[in-house]
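Here the protein sequences come in this chain order: A and B. Each residue of the first sequence is one higher than the one before, counting from 1 in the numbering used here. Each residue of the second sequence is one higher than the one before, counting from 1 in the numbering used here.
These are calculated hints, taken from the structure and not from any lab test. For glycine and all other residues, C-beta sits at the position ideal for the given N, C-alpha and C. Heads up, a few of these hints could be off.
[Stated by the list, open to error] Derived contacts from chain A toward chain B, CB cut-off under 7 Å, selection only: (1) Leu-38; (2) Ala-43; (3) Asn-48; (4) Arg-51; (5) Pro-213; (6) Ala-215; (7) Pro-222; (8) Ala-230; (9) Thr-234; (10) Ala-242; (11) Asp-253; (12) Lys-375; (13) Lys-379.
The residues making up each chain are set out below.
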Amino acid sequence: MSKKFAFAAFSVAFAAAAAAPAAWAQSGTVKVAWIDPLSGMMAPVGQNQLRSWQAVTEIANREKWAGDVKFEMVPFDGKLSPQESLTVLKSIIDQGIRYITQGNGSSVAIALADAVEKHNARNPGKEIVFLNYAAVDPILTNQKCSFWHFRLDINADMKMEALTTYMAKRPEIKKVYLINQDYSFGHAVEKAAEEYLKVKRPDIQIVGKDRHPLAQVRDFAPYVAKIKAAGADTIITGNWGADMALLIKAAKDAGLDAKFYTYYAGTTGVPTQMGAAGEDRVRVVSYWNTNDAGERADKIVMDFKKKHNDDYYTMATYTGIKMLAEGMKKAKSTDPVKVAFAMEGLKFQSLNGEVEMRASDHQLQQQVVITSWQKVDGKTVRHDVENTGYGWKTEAKLDAYVASQPTSCNMKRPKG
Amino acid sequence: MLASGLTLIFSMMGVLNFAHASFYMIGAYFAYQISQWIGFWPALFVAPLLVGVLGALVERYGLRRVHKWGHVPELLFTFGLSYIIVELVQIVWGRAAVPYQVPEELSGTLFTVFSTNFPAYRGFMMLVAVFMLVAIWLMLTRTRIGLVIQASLTHPETVEALGHNVPRVFMLTFGGGTALAGLAGVIGGNAYVTEPSMAALVGAIIFVVTVVGGMGSLAGAFVASLLIGLMQTFAIGIDWSPVSFLEGLGMPMSSDAFLYPIMSLKLSQVSPVLPYVLLVLVLIFRPRGLMGTREG
């Protein structure tokens, strides 16, 4: 190595070291990279959620949630593919962005969590924190839990726990059909439904199970014919995005009159397909209801509608920015490692009341709400979804501790 | 329907059109745009016409130029074109799906079979497809234009000597083929989802239909599309898997056995890949397709 080169290398290293503290000062802009589909069949959902994040970021910056720290969302198209998302993650690392968020597709979330874990182990001082706002495969907060991963949604087991508790009280349910997307999340829903129903309502008969490829099926008519032939009165599905919209459409076309117990009937495009045909027949388990969340939520939902002519439904975006802001205030730093430690066990107010980021597995503990699709009446149902004249009515609300699930997470924490 | 357009182009001109599915997509987007302005019914006629004109222009100013260099440049040209079309569509209409809906008049139920409703729009799609196939068949075999088209393919010099403009015949044929793709887009776009990856999703399947049916055979394409449609639909209804078969034979397989994850796949789960299995089988056992003619 020549002397000149050594000097250059030294000065670069020195400059980097000198610049580093400035980057962690408590002002300036914290960039959050958003990785989710902006193309393909699931693009409408991705676009809506990106706007939701941006809307919340604006509010946070305006109201100074984190003091002088400003937030900025930087969108990347993950194309709902683990491989594409990992490629995108590389360029995010190159750009020096330290916070990432993703939610659509547990398959993608598992790949990202794994990559982040490895990156952080190999690059101390350049750690990345992963805010997962919608990927609900329980494995991410159990066997595969990671210190760098924080889940803002309620996981599939918690949702099913709440859903089956509600279903147990409804004697008209006798024959259940399970139809899910053929990937980790769909399997998790199927498994949880079978297990919980067996315990809570052993008399319920599961008349059929189906798994179909994710974001591939154009025509659900054959599946619906099969459901009909099985004589099901109730369908449990974790389908989301276009898969949910097309399933409902096929069910409507075929005149299927079973009830739907779902996770994501609120996602973009589904309400339009349901319309009047879904009245009182579709139930959704979620962590909030826009019609039952107070004035502040009302204002956010209405502003969003006015600006984008779209519905604000991914409330985890609010929770996410709020948690980051609170974490940064508590840590008095924007350094991802310090913020990650600060966010553990953090209790704060979100739009659905007080929530807690459980330290043992980084699974947010929050209320669970079951809603049904009803006509807008101005009282219990005030927000018209996708201009259909229908909206969500709260059927049951469970406190966080009711839906809470034990965890098998054995987390390795860095030396902080 | 798409495949019949592709077959038409292929059999008539010997050009394998990779951009064919892209014209299908353009048809759906045009129909969406036009139905926003003046309604669905005019769009049903105007959109395929526009796509046909576009296709004719592509042939006149693109394909004809590369044609003299042989088949490979032609193939590459249409391949490149498909990429450009996807990008253009994304620039104009964005990356997300557009809300292209089935018109009110057709969204009801046509009739009920065994308590399952048959959607009116499905009936309409079938009607259009059958009408189109009959029209092409009649045109090719019963009219003067059809005779000229067929003759231009085998004996272009003779036809030219008889005073027909052979390049123009080619242009019209290509335009006609793309118009058919456009028509398929118009009625398929609102039945499913109109978005930029729709071309990629149907692209593979129309090649399967064309190959299985036999390159250049209209009747073959028709039979193959029926066959594949039925196969996929019935496969969804069958919950059969190698594991359940072994169980039936009295040899239950434990869930930790070697190859269990593959052996336990149900037929209903693998139905999306069945057409490709069929494609491979046909290529192995009957390369010319079900009703194709052997290349001379």
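Hint-by-hint comparison with the structure:
no.: 1; hint: Leu-38; verdict: 5 Å, holds
no.: 2; hint: Ala-43; verdict: 4 Å, holds
no.: 3; hint: Asn-48; verdict: 9 Å, violated
no.: 4; hint: Arg-51; verdict: 11 Å, violated
no.: 5; hint: Pro-213; verdict: 5 Å, holds
no.: 6; hint: Ala-215; verdict: 9 Å, violated
no.: 7; hint: Pro-222; verdict: 4 Å, holds
no.: 8; hint: Ala-230; verdict: 10 Å, violated
no.: 9; hint: Thr-234; verdict: 18 Å, violated
no.: 10; hint: Ala-242; verdict: 6 Å, holds
no.: 11; hint: Asp-253; verdict: 4 Å, holds
no.: 12; hint: Lys-375; verdict: 20 Å, violated
no.: 13; hint: Lys-379; verdict: 30 Å, violated
Hints 3, 4, 6, 8, 9, 12, 13, counting from the list given before, are not met by this structure.
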